[in-house]
Every structure is written in C-alpha cells, then in structure tokens.
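K.L.:
Just so we're on the same page, the numbering used here is the position in the sequence shown counted from 1, plus 124.
Derived by calculation from the structure, the hints in this document are not laboratory data.
Among these hints, one or two may not hold up.
What the hints assert, rightly or not - When the alpha-carbon atoms are kept at most 20 Å apart in a straight line, the in silico EDC-like pairs for lysine to aspartate or glutamate are as follows:
1) LYS330 with GLU237
2) LYS698 with ASP768
3) LYS215 with GLU267
Stated by the list, open to error - Across the chosen pairs, the derived CB separations fall in these ranges:
4) ARG567 with VAL479: 32 to 38 Å
5) ARG684 with PRO490: 38 to 44 Å
6) GLU636 with ASN326: 45 to 51 Å
7) ARG493 with ASN326: 51 to 57 Å
Even glycine gets a Cβ: it sits at the ideal position worked out from N, Cα and C.
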Amino acid sequence: MNKPLFVPLIDEDADSFTIARALAEAGFYVLPTRNTGDAKHAGSVLGTGWPAKSSRDPEQIRDWFANTDHRVAIHCGRSGLIVADVDDPDKVTPELATAVAALKPPFQSTREEQPRRGHYLFAQPPGRRIGNRAGETGREWGEWRGDNGIILVGGPGRVWRQTEEVPELPRNVSDLLPDVGDTASAVGDAEIERFVAEHKLNLSAKSLDAIIAGFNAEVDAGASRHVAATGAACWVVREAMEGRFPARTGLRRLADEFVAALTETGRDGRAITRPQAENEFESIVGWAVAQEWRPGTPGISDETTPPAEDPTAGVRERARQIQVDLETERLRIKEQARQQLDAERLANAPAVEDVVVWDDALETLPPPRMLVTRLIPACAVGWLGGPSGSYKSFVGVGITASIAYGVPALEGAGLTPREQLKVLYVAAEGSSGVGLRLRAVRRRLDITATRGVALYPRAFDLGSPADTERMIRFALANRIGFIVVDTWRQTTVGVEENDNTAVGIVMRRLIEVRDEHGIGSLLIDHTNKSAQGLADLGGAGAKRANADYVLMIDLPNGNRDADQQRTLRVAKFKDAPDGETWPIRLARVPEIVDEDGVPAAVAIIGAVAGAEALLGDRGGDWWTDLATDSVPEQVARLTGRGSDAARDVYRVLAFIGDREEGSTRGALIRAVNAAPGRDYSDSSVDRGLRMLRDDAQVIANVSKGRFALSDQHLHGAA
Numbered sequence: 125m126n127k128p129l130f131v132p133l134i135d136e137d138a139d140s141f142t143i144a145r146a147l148a149e150a151g152f153y154v155l156p157t158r159n160t161g162d163a164k165h166a167g168s169v170l171g172t173g174w175p176a177k178s179s180r181d182p183e184q185i186r187d188w189f190a191n192t193d194h195r196v197a198i199h200c201g202r203s204g205l206i207v208a209d210v211d212d213p214d215k216v217t218p219e220l221a222t223a224v225a226a227l228k229p230p231f232q233s234t235r236e237e238q239p240r241r242g243h244y245l246f247a248q249p250p251g252r253r254i255g256n257r258a259g260e261t262g263r264e265w266g267e268w269r270g271d272n273g274i275i276l277v278g279g280p281g282r283v284w285r286q287t288e289e290v291p292e293l294p295r296n297v298s299d300l301l302p303d304v305g306d307t308a309s310a311v312g313d314a315e316i317e318r319f320v321a322e323h324k325l326n327l328s329a330k331s332l333d334a335i336i337a338g339f340n341a342e343v344d345a346g347a348s349r350h351v352a353a354t355g356a357a358c359w360v361v362r363e364a365m366e367g368r369f370p371a372r373t374g375l376r377r378l379a380d381e382f383v384a385a386l387t388e389t390g391r392d393g394r395a396i397t398r399p400q401a402e403n404e405f406e407s408i409v410g411w412a413v414a415q416e417w418r419p420g421t422p423g424i425s426d427e428t429t430p431p432a433e434d435p436t437a438g439v440r441e442r443a444r445q446i447q448v449d450l451e452t453e454r455l456r457i458k459e460q461a462r463q464q465l466d467a468e469r470l471a472n473a474p475a476v477e478d479v480v481v482w483d484d485a486l487e488t489l490p491p492p493r494m495l496v497t498r499l500i501p502a503c504a505v506g507w508l509g510g511p512s513g514s515y516k517s518f519v520g521v522g523i524t525a526s527i528a529y530g531v532p533a534l535e536g537a538g539l540t541p542r543e544q545l546k547v548l549y550v551a552a553e554g555s556s557g558v559g560l561r562l563r564a565v566r567r568r569l570d571i572t573a574t575r576g577v578a579l580y581p582r583a584f585d586l587g588s589p590a591d592t593e594r595m596i597r598f599a600l601a602n603r604i605g606f607i608v609v610d611t612w613r614q615t616t617v618g619v620e621e622n623d624n625t626a627v628g629i630v631m632r633r634l635i636e637v638r639d640e641h642g643i644g645s646l647l648i649d650h651t652n653k654s655a656q657g658l659a660d661l662g663g664a665g666a667k668r669a670n671a672d673y674v675l676m677i678d679l680p681n682g683n684r685d686a687d688q689q690r691t692l693r694v695a696k697f698k699d700a701p702d703g704e705t706w707p708i709r710l711a712r713v714p715e716i717v718d719e720d721g722v723p724a725a726v727a728i729i730g731a732v733a734g735a736e737a738l739l740g741d742r743g744g745d746w747w748t749d750l751a752t753d754s755v756p757e758q759v760a761r762l763t764g765r766g767s768d769a770a771r772d773v774y775r776v777l778a779f780i781g782d783r784e785e786g787s788t789r790g791a792l793i794r795a796v797n798a799a800p801g802r803d804y805s806d807s808s809v810d811r812g813l814r815m816l817r818d819d820a821q822v823i824a825n826v827s828k829g830r831f832a833l834s835d836q837h838l839h840g841a842a
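Please build the complete structure, drawing on both the sequences and the hints.
P.N.:
This is the structure we're talking about:
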C-alpha cells in the first residue's frame, strides 16, 4: 500500500536541485520547466509527451536540475494530487472553504501580500482521476490542477506556509468535479497499484511470451527501445484486462527485458543506469495504463478513445511473425518426420502381392480365434466396465484364473479357455483384496499350479512410454501372454479421460504390444452408477473405437446390495456377434478369510439364489436354526391371510439380527420362500409385513423400503 504523501520542510532559499530531490524523496513526481516567461508550460523543457517523463529518480533529477536554472514543477496527477490553485480566497466555494479549514492541507503561498492565495494540496480520492476542469465549483475563485496539471514550487513568491501530510479531498467537494478523459496523461502510482490489484487472473500465461518476444524482436530490428516498450506495455495492460495473465507478472517480465536492453549500449549509442531505466519504465507503465484502462466506477466512463495509432502494432506484428516462423518450422519438421517414418515402414512392409488373398482362396484364412470361448478374443485389447459395486474386480480375477489355469471362466458352462497363458495382473487399486480373491479362486477350484499369475501390487503409468516399456520388458522376459489392468483410471492419472486423443494414444501403445508381441489385455474401468455402456465413460469414443471387445457388468438401478442381480454382457466383439449375457453372483470360500475373519468370495456364473445373498453368510438356515414356535406371543396369535408369512418374516429378521441396513422387501420374499414347503405369494408377504408393522408393532423401517426388528423384539428374540 502507498504511504500518504507529505510535504517536507524545505529551506526557503534552497536551490531547485535540493527542492526537487526533497519532494521526490517524499513521493512526488517532479519535472523541470524553463526559468523564463513560459515557466508554467509543462513541456517547456521535456517537450511533447512530458506526462510520461516526470520522475522521482535521483539520477534523473540530478541531470535535470544540478547546475541548471530550471524551475521545479510537481506533476499533480501522477503524484496522486488534486490541487486547488486559489486566486481569490473570498470567492472560494463553501465546500472547499470548509475542507481547507477542517483538514488544514499543505499550503504554498504564491503572493506575499495575499496570505490565503496559493496552492492547497489534496490527495485524489481512490478510483478517481480528477483533471483540471472546474465542474460545479466554478472558476471565480481560481483553478484545479489535477490529472494532467502541474504547480511550480520554489522560487520568487512561493513559500510553504503549511506542510506535513496531504489529506484526501472530501467527497462533498470531489463529487462536484469531473474525471479526466485525456489519454495523453499518465496515471499515478496509486492507480497503477489499483490496476495491478484488480487484474490477477491467469487464464493463458503463455500469451505473455508472445509480447516479450515481440518487444525483443522490435529492439533487435533497430526500433527505439522506449517506443518498443511503450507498445509492449499497452499490450500487457490489454491482455491483463482480459485475464490472460496477472498484470504484476506481465509488467515485471517486461520491466526486466526493458531494463536489460536499456542498460546496454543500443544502436542509438545510449546506455543508462539501472535505476534510470527502472524510472523510465515506471513512466511508460503510467502512460500505458492511462491509454487502456478506465475502471468502471461512478464518474468514470467505461468508454475510452483509443489513440489514433495503435502503439502495440509494431510489437504485435513482430510477435506474430515469430509465431508464424516457429509454426512453419514445426510443421516442416513434422512433415519430414512423417516421410521418414513412412519410408521405414515401407522398407519393412511385405509386398502386397505376398499377402493378398484372392476370393478363390478365402478358405485358407483362419477363422477368428477366441482365447476364452464366447468371452475373450485371442490377442485382443478390450474393456471390462461397470459401476462401483458391480463386482468388476471379482470378474477380472475370475477371467485371470481361467486364462492362467485353464479352467472355465467364472465356472460358466461353455466359457472354456482355448489356450493357457501366463497373466500379469496390475492391481493398481486394492491389491490386497485382489490377492485374497486369487487365493480364494485357487482354493475353490483346488488349483495347485504355480507361477501362472504375476500380481503387480501398484500402478504402471500407461501414459508414460517409458513406464509402459518397463511393463512390456517384464512381460516378455517372463513369457506373459495376457495383461489385466485394474483400473484404467489409476494407471492413467496424468491422462485427461475426456480427451479422446489422449486416451487413443495410450490405447495405441497397447495395440502395438498386441501386434508386435501377441500379448492381449483387459482394461477394467469404472462407469457411472446408471451406466449401460462405454458411452458413460470419459474418452468413450476412443475406448470403444480402438477396442477389439467390450464387456460390461450391468447393475440394476445402481443398487449395490448383495441380493441384486449383476449381469455380465458382451457389449462389443469386433469379429463375432455380441449381446450375450450371463448372470453373475458371489460364492463364499470359507477356508480363505481376511484379517477380520470374513470369508473371501469369488465371482461365478449364476443367478442370485433365493435367500443366499441375505442368509448365506450366517452359516445356516433360519428354518433349521430356529424352532417353528420361536416367535413372541403377539406374533404367534396373529390370524388371517398373511399371518403365516408374518411369522416366517419375523423368523428371518430375527435370524439376520441387527444388520444395520435391514432387508429389502424382495430379499425377504426370497428368504421366506427358501424354506422347504414355503411358497408365499408376494401379496402374502406384504400382508405379513403390514401385520408386523401395524398390529404386532415389532418391525421398524430402517429406511424407505427396508425392514428390521425393533430394538425390543430384536434383543428379546429367541
């Protein structure tokens, strides 16, 4: 934040150099004027463009004032001042008179015989750029010196009667004054800082490189370094206003380039010190911000009048030409590389005559081969997709076991492997669970064969050619014939899955592995809960288009409960009919348990059977573990249609105990009908549920559509 301006104590007899240096050290921008009749003309020494040349740099001030007779002028607007130049104190407006009396601003007398005549210094209000126009204050009393104005200090008749801190012009006075619309002016430090603070977006940082390149190209071509920097600064301001990069970053980078250029002797023979160069750049920035920026605050128009000639034109053209040259060279190299690659492929390609098959010899072509009948093509790249909880990894492990051990996939009739291959299973997600499931499959099928599956318990980066090559080297060294990747997302973290091009590049590597080494692969991927195909996956176009086959697991309504039927479906075969489906379910393997003693499970072909999903992990059947009369009296005495179903529903709920999720209606219907001799209709079970809920008051709704015993009956159940 800028420190408040203050007027220091200056000896009345001080020379111009001493006065200018003291004011600059206090924060004021100063400039020289002639010590003649046109002393009040701001450009009498600096000429056209003087607003961008005022300075606080000590070396610049020495050059201007040491050993000269120049007068000292304060650049009001750039210093952040609005000065009331009072010629007739008796005609000052009441608002200004009150402000002077209350705030006691620094005051420089301009007439000894008229003590109240002179310059009263106020600070410009934040967000305002008040100029020299009188507005509603009139001109009978004097004039305002604002955005593009100066006041002379020091010399005959000019004495500081009041100094110290400069107060802000009160609102009731500033509201009477208009803002400047003159783009020939330069804004002050406060406005530059405000501009920088308001423009911090970074949407396209690389666009700054073009500006810097354009500036350097202009300088190298012999243009004035000051002119080139002015154009580039305007460009920086415009782009920062569009949010392409932070204003502070853009101006800092341009400043570094400008200072470096200006402190070396240029073609004009000019070289200056670093502080002088930095001060000159400050002036350039003040002018550039004034040209391009009009903040949308009350009293400031959002409409700007651009200069007759675009100052950025030269820099832009140089930058554009650089980009054209670079792009041309890139395309030339790309075309050369393509031609070289084509030549290499042609040199290694067999003659067309050697491989073409005429229609009278089509019977010599082998039919499409399957690795697993009806499920996995030989030497192919494919997908296994499904929503969370659809048993994808269980199915992936089942397919792995089929290929590695030569057993039917998922114990399904007809899903037999045509060839037994070693499998590399990349378990990038839940490697411990995958290992447990592989053990469960081996135990369930009594497999004793070893070194059929290599489990890699972390992720290869398929987005990295080097890491993919590392995986392939291992596969070739160990004679791996099939690779399972679980899951795609965890092995392509740096790949944007919604970018078909990026997805296609990764898949192209796996296709090259297929074509060059005969190694097929299965990529496991997540879909949304309601997904019915790869169209629900990011990058789905490239996935489906490049795949030889696609397997999907459908999960009805996204319900992940164990009693919900999952269905394995062939969604795509490149060389065979698709659309075949199989029901899948989990089967427990009690001999293989996790650290909590929960039995592992394997995926098999088969429908969810009766009450198995609800009761199977309880180790028994409700109709044998509970006596037929093991219901409370109020349930036992229920009569009428549905009463028998009510008692069996009670027994099932008592059997499953205090499971937090309770049971769905469908699961209860299957469970009560699992007992020998039971054959309840859905409506009978519904009546039983109503009896338990309404009359017996022993059942509670865990959530919508789910039921469990109430606490008092649960803990009192036999």
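K.L.:
Are LYS215 and GLU267 close enough, with their CA atoms no more than 20 Å apart?
P.N.:
Satisfied, since the Cα-Cα distance of roughly 12 Å is no more than 20 Å.
K.L.:
Given a hint of 45 to 51 Å, does the C-beta separation of GLU636 and ASN326 actually sit inside it?
P.N.:
violated, 38 Å
K.L.:
Holds or violated: 32 to 38 Å for the Cβ distance of ARG567 and VAL479?
P.N.:
For VAL479 against ARG567, whose Cβ atoms are near 48 Å apart, the range 32 to 38 Å is violated.
K.L.:
Starting from the range 51 to 57 Å, see whether the pair ARG493 and ASN326 falls in it by beta-carbon distance.
P.N.:
holds, 54 Å
K.L.:
Can you let me know if the beta-carbon spacing of ARG684 and PRO490 is within 38 to 44 Å?
P.N.:
About 43 Å separates the Cβ atoms of ARG684 and PRO490, which means 38 to 44 Å holds.
K.L.:
Has the given pair, LYS698 with ASP768, been kept, meaning a C-alpha gap of at most 20 Å?
P.N.:
violated, 54 Å
K.L.:
Is the Cα-Cα distance between LYS330 and GLU237 20 Å or less?
P.N.:
The hint is violated at about 63 Å.
Violated hints, in rising order: 1, 2, 4 and 6; the structure is consistent with all others.
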